[in-house]
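According to UniProt numbering, the sequence shown is numbered sequentially starting from 1.
No lab work stands behind these hints: they were computed from the structure. Do not rely on the hints blindly, as some may be mistaken.
[Unchecked claim] Okay, derived cross-link-like pairs now, DSS-like style, lysine-lysine, Cα gap no bigger than 27 Å in a straight line: (1) Lys295 to Lys279; (2) Lys279 to Lys301; (3) Lys301 to Lys173; (4) Lys279 to Lys304.
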Amino acid sequence: MNSQQTLAPIPETDPLLPENAAAETPEPETSLPGKYATTDWANIGWVVAIHLGLLAAPFYFTWTGLLTCIFLGWLTGCIGICMGYHRLLTHGSFQTYSFMSRAIGLIGLLAGQGPPIQWVANHRKHHLHSDQPGDPHSPRDGRWWSHILWLVPYHSSEEIQSTHQRFAPDLLKDPFMRFLQKTFLFWHIGLGAILYGIGYWLGGRETAISMVVYGMFVRLFYVLHATWFVNSATHIWGYRNYETTDDSKNLWWVALMTYGEGWHNNHHKYQRMAKNGHKWWELDMTYGAILVLEKLGLAWKVVKTIPPNDKESAVKPPQFAKQQQTVKN
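Input sequences plus hints: build the corresponding full structure.
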């Protein structure tokens, strides 16, 4: 990165919305530690089930299971979450075909962090209120809160719908994304069944169970905590390349765990940039994957340089309708 280049500041207004949108769609109050009105038992059950399944790992280890975990961890973590949910669907760091957006959205769903609409809405809300009141998961409200406890409070369907309408209106327009919102659990059950079937065909019952334990529970444990470390650790420890209005920092070990997402201060300064690593040694595997898609003609308009103005540096969701118009023949 050219240190001589002028750096654009982050805008203080919400670039996702027209000026009167906040009044039209009031934002639900964020629950904070000590304000648990009710508990989201579905979230708790999901997280507890993953951690309980992890306990079977020492008893069902096979190399086939481990390789399944590594491959699916990369596919759902790097391609699904980091490239798909985050840089494509949330920030519009590049454009692609609609079928690619939807396929990557499905892959991201299999990372166990929620459907695309939910994830994108929460993340855009985080950027708008980063480490301020309204941030869903700021360490200023407690380190454990930012890592996992923010998932505990229950939010009514009205609150959730309001958040989705305010922060992910582009995804709500897509029928496939709405379908994924309603069928989250079924895709995981289906993947588990497929892994069991492949494992049984490869080596019988022991291999089948191993592929389920490592391909589902061990993988989900890793991918979930890796993302949660971005929410927590990179707002607590690390160094800063840029001055921002929040506590975002760059943390090398989180960057390694998350294929480049740990260069979090860089990202919070220039949210639309496809590349999170701004120094030569800040490895960003997700950006490498985006460049591969670009070489294959599956990605274009990749935001590779420092944006020239405030608006371009902010959260700017891709528009599915416009993507259809920019499809290459």
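Okay, the hints, checked on the actual structure:
1. In summary, the hint linking Lys295 to Lys279 is supported, as the alpha carbons are separated by about 23 Å, within the 27 Å threshold.
2. Among the hinted pairs, Lys279 with Lys301 is consistent with the structure: their alpha-carbon atoms are about 22 Å apart, no more than 27 Å.
3. For the proposed pair Lys301 and Lys173, the alpha carbon gap of about 22 Å is at most 27 Å, so the pair holds.
4. Restraint check for Lys279 and Lys304: the C-alpha separation of about 13 Å stays at or below 27 Å, so the hint holds.
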